[in-house]
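Protein chains: 2
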Amino acid sequence: MNKKEALKIYRTQNEKIAAYSLLMATAGFDRMTIAPKDGSAYRNRMFSIISGEMYTLRTQKDYIDAILYLADQKIDEVTDRDIALAKKSIENIIKFTKEEMMEYSLAEMTANDKWLEAKLSNDYSIFEPHLKKLIELNKKMANRRNPKADPYDVLLDDFEEGMDRKKYDAFFSLIRKELLPLIKKIDKKKGMIDDSFLYKYYPAEKQALFMKDAMKYLGFSSNWGYMGLTEHPFTSGFSRNDVRVTTSYDEHNITAAIFSLVHECGHAFYEHQVDPKFDKYPFIRNMSSGMHESQSRFFENYLARRRSFFVTLYPKLQSYFPENLGNVSLDDFIRAANVSKCSLVRTEADELTYPIHILIRYELEKDIFKGKISLDELEKAWDDKYMKYLGIKAEKVSDGILQDVHWSESYYGYFPTYALGSAIGAQLFYKMKQDLDVDELLSKGQFKKITDYLKKNVQRYGALYNFEQIVKMATGEDFDPHYYIDYLKEKYCALYKIK
Amino acid sequence: MNKKEALKIYRTQNEKIAAYSLLMATAGFDRMTIAPKDGSAYRNRMFSIISGEMYTLRTQKDYIDAILYLADQKIDEVTDRDIALAKKSIENIIKFTKEEMMEYSLAEMTANDKWLEAKLSNDYSIFEPHLKKLIELNKKMANRRNPKADPYDVLLDDFEEGMDRKKYDAFFSLIRKELLPLIKKIDKKKGMIDDSFLYKYYPAEKQALFMKDAMKYLGFSSNWGYMGLTEHPFTSGFSRNDVRVTTSYDEHNITAAIFSLVHECGHAFYEHQVDPKFDKYPFIRNMSSGMHESQSRFFENYLARRRSFFVTLYPKLQSYFPENLGNVSLDDFIRAANVSKCSLVRTEADELTYPIHILIRYELEKDIFKGKISLDELEKAWDDKYMKYLGIKAEKVSDGILQDVHWSESYYGYFPTYALGSAIGAQLFYKMKQDLDVDELLSKGQFKKITDYLKKNVQRYGALYNFEQIVKMATGEDFDPHYYIDYLKEKYCALYKIK
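Same order as they appear, the protein sequences are chains A and B.
So in the numbering used here, the last spot in the first sequence is 501, and the numbers never skip.
So in the numbering used here, the last spot in the second sequence is 501, and the numbers never skip.
Hints are computed from structural coordinates only; laboratory data are not their basis.
Warning: the hint list may mix true and false statements.
A pair holds if it fits inside one copy or across any two, identical chains being indistinguishable in the list.
[Unchecked claim] Okay, derived cross-link-like pairs now, PhoX-like style, lysine-lysine, Cα gap no bigger than 25 Å in a straight line:
{"no.": "1", "residue 1": "Lys192", "residue 2": "Lys90"}
{"no.": "2", "residue 1": "Lys191", "residue 2": "Lys142"}
{"no.": "3", "residue 1": "Lys18", "residue 2": "Lys97"}
{"no.": "4", "residue 1": "Lys457", "residue 2": "Lys168"}
{"no.": "5", "residue 1": "Lys168", "residue 2": "Lys214"}
{"no.": "6", "residue 1": "Lys63", "residue 2": "Lys97"}
{"no.": "7", "residue 1": "Lys282", "residue 2": "Lys192"}
{"no.": "8", "residue 1": "Lys39", "residue 2": "Lys169"}
{"no.": "9", "residue 1": "Lys501", "residue 2": "Lys398"}
{"no.": "10", "residue 1": "Lys39", "residue 2": "Lys457"}
{"no.": "11", "residue 1": "Lys186", "residue 2": "Lys433"}
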């Protein structure tokens, strides 16, 4: 084999795999958004056949040989990185049989269906056996991939290259130490800021109209993006010019859908703004979760929770809901939208308590993978953690352990990237404020200058570099979670007049 | 090879093909309903890769060998029919290379994109080169499949087994002879029935609310069905318990979406009500177009245009549009909904002029495939036919030659099945009225008794029998288009008081 032949095999097979991936992304999105439930048994079985076909493609001998051959060559920075990532992916998959991958895929889809059923009927027992099966499969697979490593470390690294329990332990201990005392102080000032008007009746249809305005403001275009509805919002990048986001409306909470949708748009812009030349480098197109969350949480928090973000949007929001917001000033609205309180639902949490929701999931995942908690005790373990850290208890299990879709989709080790991403975002935001007059741009509706900045400094790179390299290039400094801590302390001390 | 081995290969490979088909159906539905346009070049290229994969699966040597072997065996009625249909399908596909199938698939998707663009910008020239390419490809392929037959005959048989120009010529000459004089008579009574209130302003959101009521009345359930929006309504059966229909709203025509959606629901019930045991017989699951249209046109015309169909629904319709319909009686509404007039848009045509729209397309298709009309003259040829038969001319090309999606999807030879299906439906309806008190059931909202009857006598068979056999079994008589002619004459002579 020579370099030219190997590259040809590599690229041809990648394109074929990309075709299957696009179909699976499409079918997955359909499944999550609109597919009728009676078709699910047949659908899931068919999808698992395709996951077997994907396995066959990914483990085709000449493709693997080409990757292993190319991994020892020097070609160019981009190709070398793509091949290094390909090699890592291949080394994982060849440890399994096709039948195992099909079983895994079927277990995942079934668990996901059961999670939704359980959540809608508020009954953890519907989901539990499927969760148990998925976790066992994940443990088994992580162990086979790297018998020497702790299975949870293997999974943490999957979602953010280079991360493990040791690094996350340090990160979360900082969060615990620095933020919990502040959260407790603020909890004592409960009710200081009136946010009751946010929880009046906001009909979904009118919320949807405002979302159109908000998406226009962000520059999210229907030429390259689409918004659907799901129980749990998510983003799926089908290709650079085809990005899907979803949302859901809570008719008694006006900010939930706004911040959630802006969050998903952060993901969407990242998918859309990767350098077009990486279209042919599928592994570089596959960005890490921490970096992805750094962009989504950037949109949601560092931008959308600012007063300046709402200067042009708030009058529109008022016009849809004059009876609820007509007499509420922009300043009062923003203060209310930033109220910090110990609440149950992660996706609706304020910035300050948010990392505690993540901390709880991180600690639970560690214990589950250690075997310290069995799945039938998980409901109680969840409640205990919420009581311990936030002093509250879910009345409905759909607001408790069933609130998140992730575990039903085999996303174990994903949650920590939300907090890590928030921290990365804080550091990027600190630098952005030095480079741009962010508030001026936001108030004037010049959001494109913001997305252009993110494109230039972060998003265009895709996964060409890891998160530490990107942070270094974008800010000139190593990743430092203190930017995050400082941002939160400063913001919330000012808001609650704490010295 | 023995029977058992051959059947195992046949069934395993069929299931794999079914998995790909489900994905392609899903991706196709997504593409037609919501996919962002900037992603289409990439998407179409990826889909054509999958069509190449489908080709590889369908032409796998052991699969073809198994089909050819089994075609000479006697197993049981169902398996034998499935294999006979499989053999026909295989004999067609092996005449082409994988590259040809991929080229065809790409040409089709591109033409479809261009048709939509052309229709929305009212410009035939955008579509013409793509239509030309598709027709050339279809001619070439039909010719290769059967060099001795006329290419258009080959295509007619694809959509309805056993049909050809000779049979359709006889059928359409009956229509021309029997219906055109009546249409001319009625044209002279233009304005006799007031239908102006149907064309007032009917906001799409309110139409959508009524559609929910109508679908509930029909028994179309979101457990096994989903309704989306498209420029040109269609139905796609993903599986027996996953059927998708689409509709579109004209805000200045209240009956357009109603009859169109009921039409699609006719298709949907057919897909849903096929005997579950045929889930494992993919070729029997693939019903013919004429039979499909016999069910959709049955719902749309023989049921939904009756007064009794609206007895419970019309008060609901009035409640959504009190200002437009509050003072219109049910009788006046039904008379208006059945007004016959020479109009431009096929999908909105009344029952009487409808087959003339089909006749026009049939004559044009014959001429196109004969080479008598070139594509750059097609716009004029279309206008000439509408002037000749209906005495009208489209002012916008989107109401003329660009109105239908079919030609952009390689559906040449499909249109005639709409008229054939209407005729089959008329004969089935004549028999149903002898067996059931249709008006009693419709007025009482007992639509399930109707769908059960259709299931028992028609739909459960899938494609186990051809249309002539099904008509014979269901009615006790051979197919006879005079039932259709008589139904139309009787109905419209009564409506327009013609003796």
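A quick look at each hint next to the structure:
1. Lys192 / Lys90: neither (49 Å within a copy, 74 Å between copies)
2. Lys191 / Lys142: Neither. Shortest intra-copy (47 Å) and inter-copy (79 Å) distances fail the 25 Å Cα cut-off.
3. Lys18 / Lys97: both (22 Å within a copy, 24 Å between copies)
4. Lys457 / Lys168: neither (31 Å within a copy, 63 Å between copies)
5. Lys168 / Lys214: Classified as neither; 43 Å inside a copy, 55 Å across copies.
6. Lys63 / Lys97: within (14 Å within a copy, 30 Å between copies)
7. Lys282 / Lys192: neither (53 Å within a copy, 62 Å between copies)
8. Lys39 / Lys169: neither (41 Å within a copy, 43 Å between copies)
9. Lys501 / Lys398: Neither: 37 Å inside a copy, 71 Å across copies.
10. Lys39 / Lys457: Classified as between; 22 Å across copies, 39 Å inside a copy.
11. Lys186 / Lys433: neither (30 Å within a copy, 77 Å between copies)
Of the numbered hints listed earlier, those contradicted by the structure are 1, 2, 4, 5, 7, 8, 9 and 11.
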